[in-house]
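Start from chain Z and add chain B according to the hints.
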Amino acid sequence: MAVKILLNEDEIPRQWYNLAADLPSPMQPPLGPDGNPVGPDDLAPVFPMNLIEQEVSQERWIDIPEGILEILYRWRPSPLRRAVFLEKALGTPARIYYKDEGVSPPGSHKPNTAVAQAWYNKQFGIERITTETGAGQWGSALSFACAILGLKCKVYMVRISFDQKPFRKLMMNVWGGECIASPSMNTQAGRDILAKHPDTPGSLGIAISEAIEDAVTDPTGKTRYSLGSVLNHVMLHQTIIGLEAKKQLAKVGEKKVDVVIGCAGGGSNFAGLSFPFVCDKINGAEIEIIPVEPTSCPTLTRAPFAYDHGDVAKMTPLLPMHTLGHEFVSPPIHAGGLRYHGMAPLVSQAVVEGLLVPRAMDQLHCYQSALFWAKTEGYIPAPETSHAIAAVIEEAKKAKEEGKEKVILFNWSGHGLMDLSGYESFMEGKLVDYPLPEEDLRASLRSIADLPKAPMVKTGKW
Amino acid sequence: MVKKGSSKYDDLTTRCPMLGHPVPFHYCRDSVGEMPCRKILDCWHERFDVHSYMKELYSDEEIEQIVAPPKSKLMQIIELARKARETGG
Numbered sequence: 000m001a002v003k004i005l006l007n008e009d010e011i012p013r014q015w016y017n018l019a020a021d022l023p024s025p026m027q028p029p030l031g032p033d034g035n036p037v038g039p040d041d042l043a044p045v046f047p048m049n050l051i052e053q054e055v056s057q058e059r060w061i062d063i064p065e066g067i068l069e070i071l072y073r074w075r076p077s078p079l080r081r082a083v084f085l086e087k088a089l090g091t092p093a094r095i096y097y098k099d100e101g102v103s104p105p106g107s108h109k110p111n112t113a114v115a116q117a118w119y120n121k122q123f124g125i126e127r128i129t130t131e132t133g134a135g136q137w138g139s140a141l142s143f144a145c146a147i148l149g150l151k152c153k154v155y156m157v158r159i160s161f162d163q164k165p166f167r168k169l170m171m172n173v174w175g176g177e178c179i180a181s182p183s184m185n186t187q188a189g190r191d192i193l194a195k196h197p198d199t200p201g202s203l204g205i206a207i208s209e210a211i212e213d214a215v216t217d218p219t220g221k222t223r224y225s226l227g228s229v230l231n232h233v234m235l236h237q238t239i240i241g242l243e244a245k246k247q248l249a250k251v252g253e254k255k256v257d258v259v260i261g262c263a264g265g266g267s268n269f270a271g272l273s274f275p276f277v278c279d280k281i282n283g284a285e286i287e288i289i290p291v292e293p294t295s296c297p298t299l300t301r302a303p304f305a306y307d308h309g310d311v312a313k314m315t316p317l318l319p320m321h322t323l324g325h326e327f328v329s330p331p332i333h334a335g336g337l338r339y340h341g342m343a344p345l346v347s348q349a350v351v352e353g354l355l356v357p358r359a360m361d362q363l364h365c366y367q368s369a370l371f372w373a374k375t376e377g378y379i380p381a382p383e384t385s386h387a388i389a390a391v392i393e394e395a396k397k398a399k400e401e402g403k404e405k406v407i408l409f410n411w412s413g414h415g416l417m418d419l420s421g422y423e424s425f426m427e428g429k430l431v432d433y434p435l436p437e438e439d440l441r442a443s444l445r446s447i448a449d450l451p452k453a454p455m456v457k458t459g460k461w
Numbered sequence: 000m001v002k003k004g005s006s007k008y009d010d011l012t013t014r015c016p017m018l019g020h021p022v023p024f025h026y027c028r029d030s031v032g033e034m035p036c037r038k039i040l041d042c043w044h045e046r047f048d049v050h051s052y053m054k055e056l057y058s059d060e061e062i063e064q065i066v067a068p069p070k071s072k073l074m075q076i077i078e079l080a081r082k083a084r085e086t087g088g
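Chains as they are written, first to last, in numbering that gives the first Met the number 0: chain Z, 0 to 461; chain B, 0 to 88.
So here's chain B without its partners, still in its complex pose:
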């Protein structure tokens, strides 16, 4: 799903609410390696038209997948443990 490519917004910075310190836009755009951060619309819509930016790169379905809220922590842990044991680390 990664659609890298520089953006004129890449060097803008904002505070990442999850990490607790400033990050540049390009971090939110491609940090995860497979898709943009799920909070990319939350954190940037006051700075520029991030919705239009995203729509140029992703389908509505992809955007919905990107911004989906996180699973519960307990479920994340169980799933990650199962996956790690299956792949054998």
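Okay, chain Z solo, but in the shape it has when bound:
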């Protein structure tokens, strides 16, 4: 029985898939404060035009340039693994597969877009890229990509992280990235903060301000900013995950996938695996596609679809998304990557259409599932990944009850070796669950009652 399904380099997908082209109902555009759609010119100082074109593209398939593939070959195609030991432990007739994105040099799926973004920047004539980072995962991925492409990379790392997490900084340095503590004296934003608070440990908000200012004020015009999540072009670059998985499943004779699962945070992890299967579903395939989110922040499972302001002052642009309202306060949970107020617009629209069936999991159940996984498959998952694993186990048990040989696929978004303190808290009984009470939800939703509602455009097919 094959437990590692591999592809050769010449079998790698040569196009990314753009779900925006196939959504049966059109995406609602992001609106500015004046009510008009945000356009490419708004983004031109920040991103190279070739990436902006991808951000707004309606083309179904976008060629992956050979130059990008030549870099990705270092670790791609990534392995598809079959969780045979979990299957046996559960006694399920289901066949469970997972895409291992932990095999890249920086150890996550993030280089899939870091390499692409760096390459397109270079093609546009950009010589230097800036970004921000917390613990350093994205900063190290971009530093790696820039090193391979001969670009300069400057990473503004939140000072408290810079001081506490030296190893990611060293990874960036090894790849030639310049990693400096934020706030810094390099930018006006940093200088302003330091003048008022010279001992500040910094924040992600300050680091983003510095990275963007650094890019847009470069008098040579040869610097741009890069972001590793949320945006459409980021998700596009990640679809290579799902496209590879389809080839690998075919290689072992799987003609049909029944369930596709991913944890839903910023969007790129879930979208990367699932969007190619959403395409199949649009074209008639029967697939259950499940974004998994925490019960404590049920953005997709319980909230309405509405235009929502990003702030209480209501001065920011309106963006159509699933929302809990701008007064929503998320309860604490360890899966940091899943704590978002709104979901990516592409994912939201797919939910509205019924193409995705979101599910919420409580963190205790997720940690229990993660421990079960670690004791069967061996790997220790990141807290975010444990949400997907909890749903996988549920589906595998359901298949056992129904006596069905279902094929279940999910995305292994990373190991949890940097998150062992969360496991410690769980094993010591220090964690509790935070399901959002109905009354809290209703109170939150009252805050958006008077806002313009995004039209619920859907075909009603799913």
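Calculated from the structure, these hints are not laboratory results.
DSS-like mimics (lysine-lysine), calculated; alpha carbons at most 30 Å apart, straight line: (1) Z/Lys399 x Z/Lys250; (2) Z/Lys221 x B/Lys72; (3) B/Lys72 x Z/Lys457; (4) Z/Lys164 x B/Lys72; (5) B/Lys72 x Z/Lys151; (6) Z/Lys397 x Z/Lys246; (7) B/Lys72 x Z/Lys195; (8) Z/Lys254 x Z/Lys399; (9) B/Lys7 x Z/Lys195; (10) Z/Lys121 x B/Lys82; (11) Z/Lys460 x Z/Lys254.
Only chain B this time, still in chain Z's reference frame:
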């Protein structure tokens, strides 16, 4: 809006979900320079009565402003770029 001042909770630590590593309470209390972290209630309410702590320092309106969810990333980027170009860096 900053209302600094030591607190008996300052040395307690918890994992920051955004940074991905442990931070002391005083980081959440005044890290941003202008206001506490928007997740301060999320991350600390299981450890002590952070709501009462905040109410002693801030009005309800200020707390609502502090804990407001973030703007969408795209909008944040556009606004920051506009601001940086206006100030000239």
